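Visitor: These are the residues of each chain, in order.
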Amino acid sequence: MRKLAATAEAGVVVAAVGQAAAHESSEKHVRGTAAYVDDMPVPAGTLFVATGWAPVAAAKGLRLDLDQVRQSEGVIDVCTEADVPGSNDVSPVHEGDVLFASGEVSFHGQVVFAVAATSQHLAEVAVKKAIFTYEAQPVQLTAAAARATEDFVLPTRTFQMGSPALAMQNATRQVQGALHIRGQEHFYLEGQVALVSPTEDDGVAVLVSSQHPSEVQKLVASTLGIALNRVTVSVRRMGGAFGGKETQAAPLACIAALFARRTGRAIKYRMPRQQDMMQTGKRHDFENEYRLGFDDQGVIQAAELTLAARCGYSADLSDSIVDRAMFHADNAYCLQNAQITGYRCRTNTVSNTAFRGFGGPQGMLTIEAAMDHMASTLDIDPVDVRLRNLYRLGNDETPYGQKVTDFRLGRMMDQLIEQSHYRQRRQGIAEFNARQSYLRRGLALTPVKFGISFTATHLNQAGALIHIYSDGSVHLNHGGTEMGQGLLTKVQQIVASAFGVSTALVQVSATATDKVPNTSPTAASSGTDLNAMAALDAANQIKARLIAFLAQGDVVGPGEFSDGKVRHGDVIWDWADLIQAAYLNRVSLSATGFYKTPDIHFDRATGKGQPFYYYAFGVACSEVVVDTTTGEYRLSQVDILHDVGRSLNPALDQGQIEGGFVQGLGWLTTEELLWNEAGHLISNSPSNYKIPTAFDIPDHFKVTLFQEDNPEATVFHSKAVGEPPLMLAISVWCALRDACRRPMQPLPDLAVPATPEQVYWALSGRKDAADLGRGP
Amino acid sequence: MTDISNPIQFWLNGALQAHSGRADETLLGYLRHSGRVGTKEGCASGDCGACTVLVQTDDEHAYKPMNACILPVQQLHGQAVITVEGLPSNDVLHPAQAALIETHGAQCGFCTPGFVMALAGWMDEQAFSAGPDGGGQPEADSPQAETRRLKACREAISGNLCRCTGYRPILQAATHLASRPTRALFETHQRLDKALFDSQPDHSAPYKTGFRAPQTLNDLKDLLRQQPSANLIAGGTDLMLEVTQKQGRFDQLISLARVPALQSLQISPDSAIIGSAVTYQDLQAAAELHWPALHHFLSRLGSPQIRNRGTVGGNLGTASPIGDLLPILLAMDATIVMSHFEAADQNVAISEFLQGYRKTQLQPGNFIKEVQVTGLQDFLRYYKISKRQEDDIAAVSVAVRLKLDADQITLARIAFGGVAEQALRLPALEQALQGQAITEALMTSLHQQVLIALNPISDVRASRDYRREMAANLLVRALKEALGLPMPQIYGLDDA
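Chains as they are written, first to last, in my numbering: chain A, 1 to 776; chain B, 1 to 496.
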């Protein structure tokens with residue numbers, strides 16, 4: 001008999017699921033030993049990539065003189081569109097996202113050629129030596145301009161419910177307004193990076209910081225014109241992604257793969273921060289309009305909402321992003337009669353892309369701005385107007401036909417109103433504002449309802465792979481990627497629980513296209529919902545085999561897997577002993593798992609269906625203090641109640657809620673994305689694009705988990721938590737606007753983001769000044 | 001070998017390193033190319049803190065956090081560096097590392113080594129100043145003390161960006177650490193090597209060019225005579241951006257950081273002498289007693305990592321229109337002492353010294369020796385407006401100095417940053433204030449005059465109109481404060 005490996009320690013563990021376990025890499029994080037792509041040792045002879053990019057935002061007849069680039073020190077190879085053996089198109093869904101621009105230029109910074117050189121420095125020096133000739137074209141930079149010329153990257157869509165025109169006409173009161181919502185730079189701390197090595201089969205092995213390894217695989221293969229089975233892509237972890245590495249990582253891998261094939265050498269392409277900010281897509285800017293018809297109590301009768309997204313030069317994921325903006329333009333409110341229109345506007349700017357919330361935030365902010373507007377005309381506390389319009393039994397139909405069935409949000413709002421002492425503080429603030437000469441406080445309590453599932457139904461599937469080795473140790477793999485959210489930790493906890501062993505026995509591993517194929521991006525907050533279920537499926541298959549082995553042909557009773565033991569009938573096995581016995585008895589100890597979300601469908605032609613498996617909810621109450629002489633402000637208190645269903649890991653869930661909130665805070669306050677009239681991004685570095693620091697969060701920043709089982713059959717009845725909390729920050733923007741309102745005056749418009757300057761203009765009633773010099 | 005600098009030696013995580021490389025090679029590049037990849041590159045511009053390391057720059061200070069991405073490795077001769085790999089002692093995690101695990105303070109983990117080092121440096125500074133006995137009694141618990149503690153925790157990590165956590169757990173870790181006394185790092189890690197520090201690296205052939213760090217004024221002048229076109233470097237927080245952001249190269253750098261004559265720092269009740277190589281951090285500490293307006297302001301300049309590197313001379317020499325020290329030095333009528341390798345020292349009024357957009361009176365061969373300031377007892381206010389409170393560049397800054405005799409203004413200085421090509425004063429307004437009492441009418445009139453006098457540009461930081469209005473409003477605020485009117489601030493409002 002062959003010698004068996006030493007028995008692994010199963011350990012004693014009680015119900016790993018639901019524990020506030022530390023992130024699986026936490027010790028490596030603090031030691032600096034967690035490896036990111038740029039930390040991987042590079043093979044000898046590795047070359048480094050820099051790209052040459054369009055010096056103008058729109059041009060035709062582009063010609064390149066690259067002689068001096070080729071002759072530059074250290075340059076080994078130079079590529080343009082003409083050098084792509086396969087397809088130059090790197091679109092995720094629709095066509096039009098190109099690897100290299102050729103002939104014409106669609107945005108400032110667009111990649112037109114690339115260089116591989118012996119060092120990063122030499123590559124960057126070389127690309128500056130290109131000579132461009134072109135005919136500059138007029139630039140189209142705003143959604144409004146694109147709407148005027150009807151220049152859209154994809155067709156306009158509308159959701160309609162009831163008879164909005166008639167109901168609007170019959171409504172006793174109306175408000176209307178417009179909101180220009182600026183975009184957001186992801187500012188993941190780890191910039192985009194790929195390291196590609198050629199393989200002996202004329203393929204490539206790709207290490208990349210990507211949320212979507214399968215798509216990187218597909219696009220690398222199509223760029224090179226080879227089959228998918230010659231490309232392997234793996235992702236151990238990302239240093240932050242937030243949607244910015246869903247589609248935007250692939251071009252780096254494609255360019256690096258192109259050079260790897262041409263030179264036979266390993267290629268690293270790491271974008272310097274400034275180019276990352278200029279060349280990769282961001283959250284969409286929107287120019288939105290609203291019109292609400294309502295009664296004297298502030299109950300909405302009709303809504304007309306127009307959402308116009310600045311998509312940039314191509315489609316990328318804009319179709320689904322604008323859809324999601326439309327899906328969230330109702331937020332938590334029953335609109336009764338509604339028309340929601342979404343435009344996908346083409347502009348000469350970088351193609352905007354996924355960013356945590358995926359259009360949802362821009363739709364939701366619009367209706368929340370409208371709710372405050374409506375409340376201000378009625379002189380009713382905005383929180384009461386919000387409560388009166390919440391979805392409830394009988395008022396449960398969304399404009400896209402899905403019925404809301406989970407009504408916990410009303411209870412959550414009541415609970416947070418109580419917990420945060422909202423009513424008393426509202427009174428205190430009124431007194432403070434009456435007393436103070438130039439400081440003003442503002443307060444807002446806003447809800448979030450966020451639909452969970454990819455709205456492209458086919459993406460709602462996942463695979464997993466589990467091996468149990470003969471010593472009892474478990475190898476876990478699935479299609480989800482780790483970007484800091486703790487996905488690998490949660491799935492590890494679930495698999496450990498399923499086998500009744502310690503998480504220490506379950507080794508997580510890099511997401512890899514040669515382990516689990518055809519995966520969906522880790523996006524839409526769905527990472528755990530999908531991958532944990534697939535992993536559970538794999539675990540259950542192995543468990544069934546183990547039980548069948550124990551039953552030895554008798555009736556298969558249920559087994560119990562806990563505390564490192566397996567109980568079946570009267571027999572109790574130590575985990576490791578059972579695994580060894582199963583191995584010796586030729587039981588397969590490896591399984592693939594699969595999952596697809598049930599019961600979802602959506603018909604885009606009619607704009608009706610059930611696109612979401614369920615909704616996740618949240619409520620936030622924020623208070624601010626504003627200096628009216630400068631517009632400077634401070635967020636002084638935040639209370640959050642957020643719905644996580646039954647939490648799989650309260651610590652990780654809290655981290656997602658806090659982090660999402662602060663990211664939303666940045667979007668709505670200090671992060672101002674600006675272009676000049678020529679279409680050049682001018683907020684192009686961390687010195688002029690300011691994400692929040694530790695100073696921007698209040699001393700009182702209290703997050704409470706609302707733990708009540710998800711009524712749907714999700715993994716342990718948990719709820720997704722990645723994206724929804726970002727929109728809790730809408731409460732901060734509403735509080736700032738509340739602080740800007742002068743007694744007896746209408747509620748002023750407030751720009752997004754509400755920088756100190758914009759708060760100052762809102763306070764001064766200087767609507768004219770708000771857009772001065774701020775560019776397109 | 002023209003691009004190879006003289007070999008230096010420094011301590012890295014307890015091991016002596018000998019290194020020769022380019023004069024402008026960064027510590028981050030050195031670390032990562034030598035396989036020490038725990039220190040991350042987030043921005044390569046000193047803005048994100050992911051590359052934070054600890055450096056003991058002299059034996060009178062604790063280890064200090066600095067940005068490795070813009071720190072020339074050649075400047076480390078004789079100094080001691082600790083990176084995240086070297087922080088654990090006998091493989092036991094440093095308390096800052098343990099605390100971040102406990103509080104779930106890392107999500108993606110990329111910024112984490114930087115936070116670990118910033119927190120460890122912060123603790124080291126407390127341990128160092130407390131001394132071996134652990135210092136005095138801890139502050140009694142009270143809401144105010146709690147607010148102050150949290151503020152100190154925030155400051156400790158204000159030069160580090162995290163995009164995942166929202167900072168709450170990291171602040172929680174900092175709060176734990178604040179109540180956990182620790183031993184100074186040099187007791188468990190490498191201490192700065194004084195003999196090595198005082199030694200000169202080998203400057204013999206073939207290492208003729210490259211990085212030079214003279215240790216006396218005469219040596220500095222000799223070097224300038226030999227290499228009048230060499231770039232001067234002190235903290236390098238601006239200069240090194242040429243290398244990391246624009247692929248620039250510096251083959252010859254002369255460091256001002258080791259010349260004692262440039263390190264004077266005397267702040268008396270009414271006057272100050274500040275050597276050009278004094279860091280913002282040291283200036284901030286020294287200004288606390290007699291120059292509180294500057295002391296408070298300096299916490300808004302850069303980040304702890306930047307303040308540990310950047311110098312007064314660098315801010316003056318760069319002469320950016322948004323240089324944070326320029327308006328306040330203009331308002332103080334500061335005198336700049338310029339030295340030259342062959343001419344006598346020259347005293348120049350700062351208003352003459354600044355010549356335009358990033359232009360000064362400095363010529364090749366010149367360097368700034370020190371800055372002299374009087375009038376510290378005058379009424380002085382300095383305000384800065386930026387999109388973000390911490391570690392942001394001013395959209396507008398306003399410095400106001402007044403001498404008051406009873407209620408009459410006998411001298412007024414009003415200086416602005418961010419409103420023109422250079423920091424400037426408005427002498428006409430100063431004249432208008434002369435001999436006046438501060439009244440509502442005067443303030444209204446001055447407000448109008450500022451709006452008329454200034455014509456700033458609109459750019460990524462602010463619009464023209466906002467800049468003008470802020471300049472005017474903040475001048476009025478200063479006058480109100482001079483009148484003794486209560487002017488509560490958004491920060492500190494809840495502390496009282």
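Bear in mind the hints are in silico, worked out from the structure with no lab data behind them. Treat the hints with care, as some may be off.
[To be verified] Partial selection, computed: residues in chain B whose CB lies under 8 angstroms from chain A:
1) Ser45
2) Ala106
3) Thr112
4) Val116
5) Arg163
6) Arg183
7) Asp251
8) Gln252
9) Leu376
10) Lys387
11) Gln449
12) Leu451
13) Asn473
14) Ile490
Please read all numbers here as calculations on a predicted model, not as lab measurements. Even for Gly, the Cβ is constructed at its ideal location relative to N, Cα and C.
Visitor: Against each hint, give a clear statement of whether it holds in the structure.
Guide: Now the hints, each set against the structure:
With its C-beta approaching chain A no nearer than about 6 angstroms, Ser45 (chain B) sits inside the 8 angstroms limit, and its interface hint holds. Because the beta carbon of Ala106 (chain B) sits about 4 angstroms from the nearest beta carbon in chain A, less than 8 angstroms, this interface hint is met. Because the closest C-beta pair between Thr112 (chain B) and chain A is about 4 angstroms apart, less than 8 angstroms, the hint holds. Given the 8 angstroms rule on beta carbons, the hint for Val116 (chain B) holds: about 6 angstroms separates it from the nearest Cβ of chain A.
A hinted interface residue such as Arg163 (chain B) counts as satisfied when its beta carbon comes closer than 8 angstroms to some beta carbon of chain A; here the least separation is about 5 angstroms, so the hint holds. Annotation: interface hint on Arg183 (chain B) violated; nearest CB of chain A at approximately 19 angstroms, more than 8 angstroms. This hint is violated: Asp251 (chain B) has a C-beta 14 angstroms from the nearest C-beta of chain A, more than the 8 angstroms allowed. Taking 8 angstroms as the C-beta cut-off, the interface hint given for Gln252 (chain B) is violated, the closest approach to chain A being about 18 angstroms.
With 8 angstroms as the threshold, the beta carbon of Leu376 (chain B) stays out of range of chain A, its nearest partner Cβ sitting at about 26 angstroms, so the hint is violated. Below 8 angstroms, beta-carbon pairs count as interface contacts, and Lys387 (chain B) has one with chain A at about 5 angstroms; its hint therefore holds. A least Cβ separation of about 17 angstroms between Gln449 (chain B) and chain A goes past the 8 angstroms threshold, and the interface hint is therefore violated. Contact between Leu451 (chain B) and chain A, as hinted, is not supported at the beta carbon level, the nearest pair being about 13 angstroms apart and thus beyond 8 angstroms.
The closest approach between the C-beta of Asn473 (chain B) and any C-beta of chain A is roughly 5 angstroms, which is under the 8 angstroms cut-off, so the hint is satisfied. For Ile490 (chain B), the interface hint holds, the least distance from its beta-carbon to any beta-carbon of chain A being 4 angstroms, beneath 8 angstroms.
Violation of the numbered hints given earlier is confined to hints 6, 7, 8, 9, 11, 12; the remaining hints are satisfied by the structure.
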